[in-house]
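Undergrad: Residue numbers (our numbering), protein chains in the order written: chain A, 1 to 517; chain B, 1001 to 1106; chain C, 2001 to 2154.
Heads up, a few of these hints could be off.
[Unchecked claim] Taking CB as the label site, the calculated pair distances span:
#1 B/1007 with C/2061: 30 to 38 Å
#2 C/2052 with B/1007: 16 to 24 Å
#3 B/1086 with A/138: 51 to 59 Å
[As the list claims (entries may be wrong)] Some, not all, of what chain C presents toward chain A, calculated at C-beta under 8 Å:
#4 2034
#5 2041
#6 2072
#7 2081
#8 2083
#9 2108
#10 2112
#11 2114
#12 2116
#13 2132
#14 2134
Keep in mind the hints are simulated off the structure, nothing from the lab. Because the structure is a prediction, the values reported are computed rather than measured. Even for Gly, the Cβ is constructed at its ideal location relative to N, Cα and C.
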Amino acid sequence: MSFEEEIGLTPPMAERMERRGDVLCMTASKERFADLVATLHQAGGRLISLHAADERARAGAFSLHAILDLSGRLVEVKCMVPDGTLLQSLVPRVHSANWYEREIQDMFGLSFQGHPDPRPLVLYDDWPQGVFPLRKDFEPSVKVPRAPREYRFRRMEGEGVYEIPVGPVHAGVIEPGHFRFSVAGEPIMALEVRLGYVHRGVEKLSESTPYHKGVFLAERISGDNSVAHSTAYCQAVERLSETSVPERAEYIRTVLLEMERLYTHIGDIAGIALDTAFAVPAADGYVLRESVLDLNERLTGSRLLRSINAIGGVNKDIDREEAAKVLSRLVDLRQRFERLAATMLASNSMLDRVEGTGVLSWERAQQLGCVGPIARASGINMDVRRDHPYAAYRDMSFQVPVRVSGDVDARTRVRMDEVRESFAIIEQALDGMPGGPVRSDVKAIPPGRTAVSLVEAPRGELMHWMISGEDAPFRHKVRDPSFCNWLGMEVAVRGNIVPDFPLINKSFSLSYAGNDL
Amino acid sequence: MRKLLRRMFGYGSRTVPYPTEAFTPPAAFIGRPEADLDGCDRCGRCAAGCPAGSLSLVDEGLQLDLGSCIFCGECARICPEHIAMGKDFELAARGREELKVVFARG
Amino acid sequence: MDEATERMGEQLRERIVQLFGRSLAIREVDAGSCNGCEVEVNALTNAVHDIERFGMHIVASPRHADMLLVTGAVTRNMEMPLIRTYRAVPPPKMVVAMGSCAASGGMFAPSYAVIGPVDSILPVDAYIPGCPPRPQAIIQGIMVALDRWEERSR
């Protein structure tokens, strides 16, 4: 049975099909694109990304790309869209296409008919109409004037219902974003999340950043996921240039990726203790996080593991002595972590706060296309390290924790389990590290090639997709896991009381910078 | 909880006593770039290769703008003969211009 | 700890009380950061770096603050929130630009979405280089800002 027969596709749907590495690429006409993507979605295809590129100079039209994971197989669907085409919105059939279509509208000016919510996503209240930053004829150095317009929030009317606007500047040390609550008494009736405050124009900047400098830009997309983003970026460029990374470098990348997961997860777990006013383990948790940051620095020179990933491998080697020291420190850190986890989970008052709070059901998590620990806490069994292995994960033995209650408790326990797996993976990688060089020479990158790269960042599936240009990417699409998960917040807070909002937010632990780009 | 508290009291002080005492970062720490331009031929590869555009060739030698430096170490990788990443991290200044450091030509 | 270093710690505490009559209240504002700086600002309050031993603490509202610690290259969308936050700080007030982006716009300076470094919007009392600056560097930067403040009040 052919692939098309397998998934119930009638032959005329795709005009062309070809393989690019392990990705099945389909080209459809602009009229059939939405149907094809919807059919793939109905057959179980999860939408990884939906984005556009301005290929008018090279091919006379914009290109629209959908990337899906169809039961472990990566599928890319592309169509060419001449300027002025009115496209059919995917949202009625593929709910997770929502924010992607809004972003394409903002950045390219392509319109989707039938989109339930065509308000601007990242470009703001005073961005003039008709100016689309990711179009090739948009000149980034020209200052864009301010043209005020109104952004209408969804309103909830009723007796006793009032609105609470929170942000963008929040009460703690946290990134900016706006939350508009509709409450009746204490329970939250509705939440609207509005982000884009730290939109820095990463994708446009990338188009004028030479590949070798782009690694540093990638590290700064979402600062606490520097290794995840830079690994995804490097992998994309390595695929474009057919550069194979030495095995030792893959192992080192694995160690770095897991150390990043350790410090971010431990910080999130300490944060749950903090937000349930459980001050003693919170303080201990933050000291444990500090110990990991210190270990990061001893290993790489950088507390946030920056400046070590490079195209073709890594910049620095780990010597045997260092590796032995790290291993022994990890044993101590692991013991401290277990004691911290035990204290937290033994507290009835903490469990009372987290059990049943902020529930995200499996159905909603599926519909919204959620990824990462949040998805795994709502019963979705997915992990890029296992499903589409990269770096040295094929050689590693680890579990993927999944829970079903979808509440703050489940998300916290999933992270705790992932911390345990991370300790184990780091140990395996340091113990089993092969010898050899740590960096390959990078071959020349021919323009016009496409590559996709997936990484399991601490927050979930992260994607970098690229069309190569001469010395820099022609188009670089970054899809941080937070982009998939923010709408989950709107669902999870409903029915919960306002004071539980910071706790639910902390249990999601999403990146604003990664979302906004 | 009692066990945790007892253990935490046993840890003693974990506070790093900076700035009352000087702080020495770990050996691998990437501090600010230091340059010795003795024999430098002003090829300019360091400035061209800096991802943040913090290095520039000036009449007096090489200017490093600490205000835009991202401490990535590329300059030291491009020209290990003349540039190394040092251990200095006490770099704060009141004025923006004070952050521009010039290494005199050799 | 010898007598000399202990005295330095005392002097720092005394100076803060002298300048403000109480402890130093810091409000952090992310005006466009990647969130790397936020990791280090959060580290300031953990038991290892413990800025509270100097009487410095992070406050929830700009109306309670003496100092704004600003991270990130100011984005177009954060310009007004940053200005409003600054206006909400009652005088006397200080602004510290933390990190490469806040000091110069960093790697994001050429972007259409970035207005510029913090000093293109607000008067800055001290700049802290780093990407991100380590906690000890942030402490040093705050001290440099306090030195300036002392000059200003003469």
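Undergrad: Indicate, hint by hint, whether the structure satisfies it.
TA: Structure-based check of all given hints:
no.	hint	result
1	B/1007 with C/2061: 30 to 38 Å	36 Å, holds
2	C/2052 with B/1007: 16 to 24 Å	22 Å, holds
3	B/1086 with A/138: 51 to 59 Å	41 Å, violated
4	2034	4 Å, holds
5	2041	5 Å, holds
6	2072	7 Å, holds
7	2081	5 Å, holds
8	2083	11 Å, violated
9	2108	5 Å, holds
10	2112	5 Å, holds
11	2114	6 Å, holds
12	2116	11 Å, violated
13	2132	7 Å, holds
14	2134	6 Å, holds
Of the numbered hints given earlier, the model fails hints 3, 8, 12; all others are met.
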